[in-house]
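*Asks:* What follows is the residue order along each chain.
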Amino acid sequence: MSSADAIELDGVEHSYGDVTAVGPVDLTVPEGEFLVLVGASGCGKSTLLRLIAGFEQPTRGTVLADDKPPVPGRGAGIVFQQPRLFPWKTVGGNVALALKYAGQSTDRVESLLERVGLHDVAHRRIWQISGGQQQRVAIARAIAVENPLLLLDEPFAALDALTRERLQEDLRQVSAATGRTSVFVTHSVDEAVFLGSRVVVLSARPGRVVLDLPIDLPRSEIAPDELRGLPAYAALRSEIGHAVRAAANLEGSSV
Amino acid sequence: MTTTLTTAPAPAEAGQRPGALAPRGDRRRRVLLRLLSLAVLYVLWEITARVTENPTFIPSPAAVWHQLIVTSTVHDGVRGYSGHLLIEHLGVSLRRILIGSAIGVGVGLVAGVVMGTVSWIRVVAEPVVTFVRALPPLAYFSLFIIWFGIDETPKLWLLSIAAMPPVAVATASAVFSAPTGLVEAARALGAGRWEVTRDVVLPSALPEIFTGIRLAVGIAYSSVVAAETINGVPGIGGMVRDAQRYSQTDVVVLGLFAIGLSGLLIDALLRTAENRLIPWRGRA
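Chains as they are written, first to last, in this note's numbering: chain R, 655 to 909; chain S, 7 to 290.
Simulated from the structure, these hints should not be mistaken for lab results.
One or more hints might be untrue.
Said to hold, decoys possible - Incomplete in silico selection of chain R near chain S, CB under 8 Å:
no., residue
1, F709
2, K722
3, P723
4, R728
5, W742
6, G746
7, G747
Stated by the list, open to error - So these bits of chain R aren't anywhere near chain S, every CB distance computed over 10 Å:
no., residue
8, V673
9, E800
10, R818
11, A900
What the hints assert, rightly or not - Facing chain R, from chain S, some residues (calculated, C-beta under 10 Å):
no., residue
12, L96
13, G97
14, R101
15, G198
Just so it is clear, the structure is predicted and the values come from calculations on it, not from any experiment.
Ideal Cβ placement from N, Cα and C applies to all residues, glycine included.
Starting from the given sequences, assemble the full structure and let the hints guide the process.
*Replies:* Here it is as structure tokens:
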């Protein structure tokens with residue numbers, strides 16, 4: 655692992671009983687990279703993310719984050735598919751909890767919520783805001799502490815298309831502003847191309863790397879709609895989509 | 007960096023508990039229906055009392071009302087019933103229920119949390135709690151009389167022991183099945199074992215714990231008559247027990263009404279507290 659690598663997976667395999675979910679996988683993620691893991695449902699991409707988060711231990715191989723075996727709550731902010739907010743806390747209380755556990759002042763709650771596009775909601779209960787707003791709160795909570803890693807497990811999968819696009823754009827801005835290493839899991843090829851500085855496609859179970867592609871698009875220079883309209887964007891989308899379908903033995907269908 | 011994106015507002019009704027706001031017409035109809043059912047019960051009671059013509063078997067509503075006046079006042083130098091006003095009998099019983107329930111709920115909570123988090127303690131303690139729960143309060147009251155005499159102590163022991171199992175069982179079950187998603191979310195934020203218990207496990211268990219508390223208070227309520235069968239005056243159970251000895255059915259019925267109505271009031275208070283303390287119940 656070079657000093658500039660934030661994550662290193664070396665021969666990683668993970669099994670649930672007799673079923674091998676992932677591996678073997680060799681992967682290094684340099685600092686500051688926005689890596690997107692793509693694959694069909696059940697290919698083990700969420701398992702891979704849980705291994706990087708430290709929620710699971712590999713059956714074989716080693717996982718290192720910041721040169722150490724990962725431990726949940728140390729060094730990585732995590733956003734799950736469901737917001738997983740605490741309903742007994744207010745919106746602000748949910749974000750404040752992350753700061754409290756890190757021994758930091760909770761004065762930044764409002765500014766963190768504003769960073770994800772939420773204004774004047776800190777005092778509200780979580781059932782008083784929409785699903786999209788709840789996922790924004792989850793992102794604010796995950797980036798509250800300046801961890802070197804941000805891990806996101808299909809965070810927009812349960813949202814409608816319009817909210818998903820808005821959140822993708824916001825996440826892109828937040829990620830660029832914080833510059834932290836991110837690993838984003840999705841089954842959406844469009845989401846992968848739009849967000850990633852690098853896309854890794856996993857095969858069907860047990861998930862293995864079948865495509866590792868750098869994404870070089872002028873993100874900071876043009877608007878999201880223009881970005882999506884670039885021929886290079888369409889070409890990357892096509893290449894990755896083809897790889898995902900081939901990996902999942904779904905050639906001929908759309909992913 | 008601050009984004010300027012305006013997020014879609016949450017639905018206007020998002021802040022309302024499902025079913026919490028019945029239309030005003032529905033509420034009025036419900037109140038009318040309840041009043042009507044009370045009126046029908048009253049008429050049936052009156053008719054039955056007149057037909058049977060046996061006040062020792064079925065006292066009339068008027069006789070019970072008369073006893074309410076008699077037991078609530080000082081008349082001919084006699085104070086209420088057995089030297090105490092009805093409100094004093096009720097007050098002493100409520101005090102016993104409050105203390106007994108508080109001890110039972112406290113012990114049940116601690117036992118439930120420990121049972122829910124430490125598996126070997128759950129294996130050992132679960133059959134014991136179930137055993138105690140299955141015993142009728144009168145069965146162990148005799149033991150407490152032998153151990154502690156006939157003063158307040160055995161009564162409070164009885165009510166505490168009766169109130170403990172529902173809270174212990176509800177708490178243990180809720181703590182054991184704390185939502186793993188939220189526990190993981192807290193761990194991802196850096197929460198330690200104690201912080202996870204304090205900030206996630208206990209709050210998520212609160213709805214079930216409250217159900218256990220309501221059950222516990224209900225059981226303590228129904229056990230108070232048993233607790234006051236021996237040296238129970240002043241006390242509403244003692245009053246009923248004495249009235250039964252002298253076949254004063256109207257006083258017995260009055261005592262039952264006092265217990266039932268105050269029970270309804272306490273349950274309504276608990277439900278109000280529950281809505282205030284657990285506003286997310288049924289909404290998240």
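*Asks:* Of all the hints numbered above, which does this structure not satisfy? Sort the numbers upward.
*Replies:* 2, 3, 6, 7, 12, 13, 14
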